[in-house]
Amino acid sequence: MSDTEPSKDTVLEVNGLEVTYSTNRGDVRAVDGLDLSVRRGEILGIAGESGSGKSTLAVALLRLLKPPGRVTAGSVVFRPAGQSPVDLLKIHGEQLRVLRWSALSYLPQGSMNSLNPVMRIQDQFRDVILEHAPERKEALSELIPRLLGQVGLEPRVARMYPHELSGGMKQRVLMAICVALEPDLVIADEPTTALDVTIQRVILQSLADLRRDFGVTLMVISHDMGVHAQLVDRVAVMYEGRLVEVGDVHQVFKDPQHSYTRQLIDSIPKLGRRAS
Amino acid sequence: MSVIELQGVEQRFHARGTPDGYLTALKDATFTLQSEPPQIVSLVGQSGSGKSTIARNILGLQKPTAGTISFDGKDIFKLSRAEYDNYRRNVQPVFQDPYSIFNPFYRVDRVLWKAVKKFGLAPDRTKGLAMIEESLDAVSLDPAGVLGRYPHQLSGGQRQRIMLARIHMLRPAFVIADEPVSMLDAQIRKTFLDILLDFRRDHGMTTLFITHDLSTVYYLGGGVMVINKGSIVERGAVESVMHEPSHPYTQLLLDSIPQPDPDQRWTNRIHVDDSGTQTPDSAPQEPVV
Numbered sequence: 001m002s003d004t005e006p007s008k009d010t011v012l013e014v015n016g017l018e019v020t021y022s023t024n025r026g027d028v029r030a031v032d033g034l035d036l037s038v039r040r041g042e043i044l045g046i047a048g049e050s051g052s053g054k055s056t057l058a059v060a061l062l063r064l065l066k067p068p069g070r071v072t073a074g075s076v077v078f079r080p081a082g083q084s085p086v087d088l089l090k091i092h093g094e095q096l097r098v099l100r101w102s103a104l105s106y107l108p109q110g111s112m113n114s115l116n117p118v119m120r121i122q123d124q125f126r127d128v129i130l131e132h133a134p135e136r137k138e139a140l141s142e143l144i145p146r147l148l149g150q151v152g153l154e155p156r157v158a159r160m161y162p163h164e165l166s167g168g169m170k171q172r173v174l175m176a177i178c179v180a181l182e183p184d185l186v187i188a189d190e191p192t193t194a195l196d197v198t199i200q201r202v203i204l205q206s207l208a209d210l211r212r213d214f215g216v217t218l219m220v221i222s223h224d225m226g227v228h229a230q231l232v233d234r235v236a237v238m239y240e241g242r243l244v245e246v247g248d249v250h251q252v253f254k255d256p257q258h259s260y261t262r263q264l265i266d267s268i269p270k271l272g273r274r275a276s
Numbered sequence: 001m002s003v004i005e006l007q008g009v010e011q012r013f014h015a016r017g018t019p020d021g022y023l024t025a026l027k028d029a030t031f032t033l034q035s036e037p038p039q040i041v042s043l044v045g046q047s048g049s050g051k052s053t054i055a056r057n058i059l060g061l062q063k064p065t066a067g068t069i070s071f072d073g074k075d076i077f078k079l080s081r082a083e084y085d086n087y088r089r090n091v092q093p094v095f096q097d098p099y100s101i102f103n104p105f106y107r108v109d110r111v112l113w114k115a116v117k118k119f120g121l122a123p124d125r126t127k128g129l130a131m132i133e134e135s136l137d138a139v140s141l142d143p144a145g146v147l148g149r150y151p152h153q154l155s156g157g158q159r160q161r162i163m164l165a166r167i168h169m170l171r172p173a174f175v176i177a178d179e180p181v182s183m184l185d186a187q188i189r190k191t192f193l194d195i196l197l198d199f200r201r202d203h204g205m206t207t208l209f210i211t212h213d214l215s216t217v218y219y220l221g222g223g224v225m226v227i228n229k230g231s232i233v234e235r236g237a238v239e240s241v242m243h244e245p246s247h248p249y250t251q252l253l254l255d256s257i258p259q260p261d262p263d264q265r266w267t268n269r270i271h272v273d274d275s276g277t278q279t280p281d282s283a284p285q286e287p288v289v
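So the protein lines, in turn, are chains D and A. All the letters of the first sequence, read from the start, carry residue numbers 1 to 276 under our numbering. All the letters of the second sequence, read from the start, carry residue numbers 1 to 289 under our numbering.
No lab work stands behind these hints, which were simulated from the structure alone. The beta carbon of each residue, even a glycine, is placed where N, CA and C say it ideally should be. No false leads were slipped in.
Have a look at the derived ranges for each label pair, beta carbon to beta carbon:
hint : chain 1 : residue 1 : chain 2 : residue 2 : range
1    : D       : A133      : A       : D185      : 34 to 44 angstroms
2    : D       : D248      : A       : A144      : 43 to 53 angstroms
3    : D       : S267      : A       : E239      : 17 to 27 angstroms
4    : D       : R29       : A       : G60       : 45 to 55 angstroms
5    : A       : G60       : D       : D35       : 50 to 60 angstroms
6    : D       : D248      : A       : A130      : 52 to 62 angstroms
7    : D       : R70       : A       : D185      : 20 to 30 angstroms
8    : D       : S22       : A       : K118      : 43 to 53 angstroms
Starting from the given sequences, assemble the full structure and let the hints guide the process.
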């Protein structure tokens with residue numbers, strides 16, 4: 001792939017990443033020698049079918065990989081603005097904790113279950129913000145409504161409990177928490193899977209807004225090529241743990257270089273009025 | 001031939017914060033399901049549209065606040081014990097969550113044996129077991145791989161297929177499937193839908209398939225009803241509803257499917273209000289070209 005050239009506009013640079021799951025039937029290489037870079041301010045899509053290694057890639061980058069999975073080779077250089085680059089695979093404990101939320105945040109799959117059911121939404125914001133940026137304590141009462149506004153939610157949501165919110169609203173609350181501390185990179189793993197199409201559209205709209213209005217860099221993992229076509233700038237296609245294609249989304253859809261990419265695009269049933 | 005007929009079914013719930021203290025989940029639902037010819041009818045709508053309420057009403061789990069549901073001309077809430085057993089035998093559910101329908105303390109065999117015993121499907125244990133194995137086979141499960149296991153030892157797709165095996169044993173005239181595939185991944189989802197299509201073809205089962213996923217509806221074909229805010233707003237053959245939707249809500253649903261073409265991005269925006277209902281910025285919506 002030609003886009004592994006390091007530059008100062010690169011937020012994240014993955015080199016030769018290899019993740020292996022040990023099972024009693026031998027080792028399975030879920031990510032196999034992957035090179036990829038994420039440019040500041042872009043929305044990068046990661047496409048691929050179930051089992052292609054997309055989610056494993058995300059959890060490995062975030063250092064959330066659990067045994068029997070382990071990183072067996074490679075480096076992940078992360079360049080937060082105004083700080084020296086770090087290899088995410090080499091740091092531990094406190095160093096990692098400081099980076100999380102403030103420089104690198106994660107919007108998980110099924111974030112329905114990611115909010116604390118017995119805390120009001122505003123207290124969940126408070127937790128994250130005070131932990132990582134205690135100096136903002138005074139500004140909280142102004143900050144929380146503004147963050148909710150960024151994802152199209154009313155200020156009164158702050159006083160609600162998670163059970164009072166719909167699935168799409170919970171997902172947007174999580175998006176707002178993810179960007180609360182203006183991280184350099186947000187990794188979203190299947191952010192709209194299992195949501196209704198209309199809610200999905202609103203979520204995609206909000207993700208695009210976050211980038212347009214606040215310059216958030218996003219890595220969006222999805223099996224749905226439709227999501228990539230609607231949202232991302234560049235798309236990277238994974239197949240059996242390898243990257244088979246990376247490029248401008250228009251280019252990839254118009255002229256896929258790999259037959260697997262073509263299959264992924266063609267596998268979407270064309271329906272509705274826009275299909276002809 | 002059997003017929004389930006809904007006539008003006010309305011379901012209200014007590015709810016705080018609404019003007020009159022009630023929330024109307026379902027308004028004036030009127031439709032029929034027939035066993036001849038067997039068909040698949042999808043009911044599509046978003047969360048909170050009332051689609052699961054219809055399933056609960058038809059299954060007799062919730063008595064509607066107005067209207068009637070009849071089975072072969074008899075109100076299902078006024079059936080005798082024997083008639084009700086017959087109704088339950090002929091109208092079988094599949095639910096969304098393949099985790100919560102099993103009692104974790106019992107082996108999965110139990111739900112199958114229960115069906116054999118409750119409905120007297122087999123005269124003895126040997127024949128019962130043969131029947132169970134045949135039905136597991138019909139849903140592409142290996143009897144040796146699932147019998148004797150506990151629910152947590154099976155995957156979600158396997159558990160959902162056990163419920164289909166149960167249906168295969170009972171051969172009901174109707175299957176009421178409430179979001180049965182929304183927790184399954186794409187490949188397993190297809191297997192599940194193919195089994196339902198087989199059941200229609202080979203055993204003449206009519207299915208009411210409740211979902212929020214339009215691509216599933218498209219795959220199944222047959223008929224479709226679109227429900228929005230408790231009202232059925234459009235109905236017809238899948239092909240015609242998908243290609244020539246007449247109601248603005250159906251148009252909005254179809255327009256919100258992300259098209260796999262970066263040159264055809266959405267140009268208009270939609271809003272979701274807090275009750276989970278949508279209004280397009282500009283109604284009626286023009287196709288985005």
